[in-house]
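Engineer: Quick note, the sequences are listed as chains A and B, same order. For what it's worth, my numbering labels the leading residue of the first sequence as -5, then goes sequentially. For what it's worth, my numbering labels the leading residue of the second sequence as 1065, then goes sequentially.
Fair warning: there could be bad hints in the mix.
[As the list claims (entries may be wrong)] Simulated pairs of lysine-lysine, DSBU-like, Cα-Cα distance not exceeding 35 Å: (1) K52(A) <-> K(-1)(A); (2) K36(A) <-> K1088(B); (3) K62(A) <-> K9(A); (4) K1132(B) <-> K9(A); (5) K(-1)(A) <-> K1132(B); (6) K51(A) <-> K36(A); (7) K9(A) <-> K36(A); (8) K36(A) <-> K1132(B); (9) K(-1)(A) <-> K9(A); (10) K1132(B) <-> K1142(B); (11) K1088(B) <-> K51(A); (12) K(-1)(A) <-> K51(A); (13) K9(A) <-> K52(A); (14) K65(A) <-> K51(A); (15) K51(A) <-> K62(A); (16) K62(A) <-> K1142(B); (17) K1142(B) <-> K36(A); (18) K36(A) <-> K(-1)(A); (19) K1132(B) <-> K52(A); (20) K(-1)(A) <-> K62(A); (21) K65(A) <-> K(-1)(A); (22) K9(A) <-> K51(A); (23) K65(A) <-> K36(A); (24) K52(A) <-> K65(A).
Bear in mind the hints are in silico, worked out from the structure with no lab data behind them.
Read off the chains here:
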Amino acid sequence: QQQVKQSPQSLIVQKGGISIINCAYENTAFDYFPWYQQFPGKGPALLIAIRPDVSEKKEGRFTISFNKSAKQFSLHIMDSQPGDSATYFCAASPAPARQLTFGSGTQLTVLP
Amino acid sequence: DAGVIQSPRHEVTEMGQEVTLRCKPISGHNSLFWYRQTMMRGLELLIYFNNNVPIDDSGMPEDRFSAKMPNASFSTLKIQPSEPRDSAVYFCASSLSREWGTGELFFGEGSRLTVL
Chain A
-5 QQQVKQSPQS
5 LIVQKGGISI
15 INCAYENTAF
25 DYFPWYQQFP
35 GKGPALLIAI
45 RPDVSEKKEG
55 RFTISFNKSA
65 KQFSLHIMDS
75 QPGDSATYFC
85 AASPAPARQL
95 TFGSGTQLTV
105 LP
Chain B
1065 DAGVIQSPRH
1075 EVTEMGQEVT
1085 LRCKPISGHN
1095 SLFWYRQTMM
1105 RGLELLIYFN
1115 NNVPIDDSGM
1125 PEDRFSAKMP
1135 NASFSTLKIQ
1145 PSEPRDSAVY
1155 FCASSLSREW
1165 GTGELFFGEG
1175 SRLTVL
């Protein structure tokens, strides 16, 4: 059972544009929702995370929007840069620092 | 801090051979995770240790896979016998469970396994 569904599979945006990646989860026991960024040949690295008690969290150009009733959350990358080109994974966990269930990933390409 | 250290980075072996992947977590972390990444199945959790004790091994594919954590600074993932479908990148990650922490899992750079 795929517990975290992610879309789109790939995304191409122009430099300066907004990148939006969406995720939906099924398990109501999930209580921690991070986004990880992965560059080729590297392990995933935490980008930003949110708990369900808030609807939005912003760190620099990166924003998570969270809709608890719809069981959906999304990542917005403002002013996208070529250096943001990577694979992005949403994830969910019953608590911080616990085992993560990952989405299928979105390969983002930002054109110069 | 050196981060999570995995070895080997690359392993090419023949079907039927034993493969051992190694992981050194970040010092002081109390949770350790083994993940497998493939194009078809994405990032899958294989097993999760807390304080050196296996908590969730439901992701271990079959009896050919085994994982140990003999102490807080070392873990192994063993595949015996290996099969071509085991070809993947295997990641080790560690974290520190604490109420005020970021909850981040720190990943190593992975061990790329190819079984011929």
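Engineer: Does K9(A) pair with K36(A) here, judged by a C-alpha cut-off of 35 Å?
Structural biologist: holds, 24 Å
Engineer: Assess, step by step, whether the Cα of K(-1)(A) is no farther than 35 Å from the Cα of K9(A), and give holds or violated.
Structural biologist: Distance of about 27 Å is within 35 Å: holds.
Engineer: Does K(-1)(A) lie within 35 Å of K36(A) when you go C-alpha to C-alpha?
Structural biologist: Roughly 23 Å separates the two Cα atoms, so the pair holds.
Engineer: Going straight from one Cα to the other, do K1142(B) and K36(A) come out at no more than 35 Å?
Structural biologist: holds, 22 Å
Engineer: Would the pair K36(A) and K1088(B) pass a check requiring their Cα atoms to be no farther apart than 35 Å?
Structural biologist: Satisfied, since the Cα-Cα distance of roughly 16 Å is no more than 35 Å.
Engineer: Holds or violated: K1132(B) and K52(A), Cα atoms, limit 35 Å.
Structural biologist: It is violated: about 39 Å lies between the C-alpha atoms, which goes past 35 Å.
Engineer: K65(A) and K51(A): Cα distance at most 35 Å?
Structural biologist: Holds. K65(A) to K51(A) sits at ~16 Å (cutoff 35 Å).
Engineer: With a cut-off of 35 Å on the C-alpha distance, tell me whether K1132(B) and K1142(B) pass.
Structural biologist: Holds - the C-alpha atoms of K1142(B) and K1132(B) are around 9 Å apart, at most 35 Å.
Engineer: Does the alpha-carbon distance linking K62(A) and K1142(B) stay inside the 35 Å limit?
Structural biologist: Roughly 40 Å separates the two Cα atoms, so the pair is violated.
Engineer: Below or equal to 35 Å on CA atoms is what counts here, so check K62(A) against K9(A).
Structural biologist: Status holds; Cα separation ~31 Å.
Engineer: Run the distance test for K52(A) versus K65(A): straight-line Cα separation, threshold 35 Å.
Structural biologist: holds, 19 Å
Engineer: Compare the distance between the alpha carbons of K(-1)(A) and K51(A) with 35 Å, and conclude whether the hinted pair is satisfied.
Structural biologist: With a Cα-Cα distance of about 21 Å, the restraint between K(-1)(A) and K51(A) holds, given a limit of 35 Å.
In terms of the numbered hints stated before, the structure departs from hints 4, 16, 19, listed from lowest to highest.
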